[in-house]
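Chains as they are written, first to last, in this note's numbering: chain A, -15 to 152; chain B, 9 to 248.
These are computed hints drawn from the structure, not numbers from a lab.
On a predicted model such as this, the values are computed, not experimentally measured, just so you know.
Yeah, the Cβ is synthetic: ideal placement off N, Cα and C, and Gly gets one too.
Hints are supplied without guarantee of correctness; some may be wrong.
Quick look at which bits of chain A chain B covers, simulated, 3 or more residues with Cβ under 8 angstroms [stated by the list, open to error]:
hint, segment
1, -12 to -6
2, 13 to 20
3, 131 to 145
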Amino acid sequence: MKRNTAILLLLAAALVLGLTIGASGAYFTANDAAKGGYVLRIGHTPPIGEKFEDHKEVVITNEPDAATVFVRVKAFAAAKYQDKLGYTGSNWKKGLSGDFYYYYMLPLEGGTATDALHVSVSEVLPAGAEPGEKSNVIIAYESTPAIFTADGKPDFRTAWGADAPAAE
Amino acid sequence: MKKILRSPAATAVMLLLALVLLLTGFVDSVRAALNLQESTIYESQLSTTSIGVTLQEDGKTYASGFGVMKVGAKDVAEAAGDKEFKIGKTYSLPLAVYNSGSIDEYVRITVYKYWVAPSGTATATGWFAGEGTKDRSLDPGKIVLADNVAGWVKDPGAETLERSVYYYQGKLSPGGDPVPFPQTVTIDSSIVKEVELSSTGTYLYSYDGAGFVLQIEVDAVQTHSGDAARKGSWGLWKES
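Based on the provided sequences and hints, a complete structural model is requested.
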């Protein structure tokens, strides 16, 4: 009997609560939704291309489908000749601090190559040098993931530090 | 008191009370269905109301179901020479909402942002539908949204690392023009500094290959008894 009473009481309470819940959930509502995203690719080491005739010609090529990077180049020679190297090349700019870095002033996207940087070594050769005499100039380069300012300009200075020239 | 409650009479009274409550509800509903007028003709008029809200991107509604956003794609397409989404650049999200129902409504937009290890295939240019396993090791704070969205008020109380909620200041009427939600997204360029040294001595970028996801949800609620409706549906109470 007690059990029946309890069941009936529960049933009565459920009926009353059921009515209450029905009334409070009766507002009109609607919704809509969407989502999407982008897969980021960061970091890559593009190969360097270099050839030597009467000067060194440096071209850096980024592999197809690779992430976009910034690159810079430095030529190493004996200390007393370091500042006698000559550099020419469109879109290449000398660093601001005198560290002899040359910065490529465009983002290097996958599948593209830099313009050639010509490094003249004629001043490095000893006076009256004969064929067969050795002189050594080493070209090194670095790459870093490309980053941009809010308005979409390459942010070389944040990527490389204060030595890098600002994008034009 | 216990004795009274345990008595069969008390049980019968409670049951009767419940039945009366039930019947009263039914009778109210039934009474509302027909309207007898002083005429020889009984007329019944049926009018239906519906509430609806629709999200748009770049002036277009999404296909049915969960829409696929083209996050930043419009800006990339319009920028000469841009082949891909740029880290650090601010992209616009040309979103808007409009009332697609037949009654006035209040709306709010919830934006979720997070990183995933993408599943399925991304397009060659990197866009994907946002599917994948959520990667909680990557910081949602690196996905930067605008705090101030013209015409909308951000709810600081609802803010989490992954979620921001914006309330439209006003109501949307049926047939009205879409209301812009001019949000932007920027991927913080500091993510390129997050690296780990691999066993082979090369650096691995923590965010390389990760997909960032934006998920936009718009909710609408009736303006009739608006304060109570917002409180009941959203838990929000605004004194009017």
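Consistency of the hints with the structure:
1. -12 to -6: holds (count 4)
2. 13 to 20: Per the Cβ count (8), the hint holds.
3. 131 to 145: That given contact holds, which follows from 9 residues of the segment 131 to 145 of chain A lying within Cβ reach (below 8 angstroms) of chain B.
The structure shown violates none of the earlier numbered hints.
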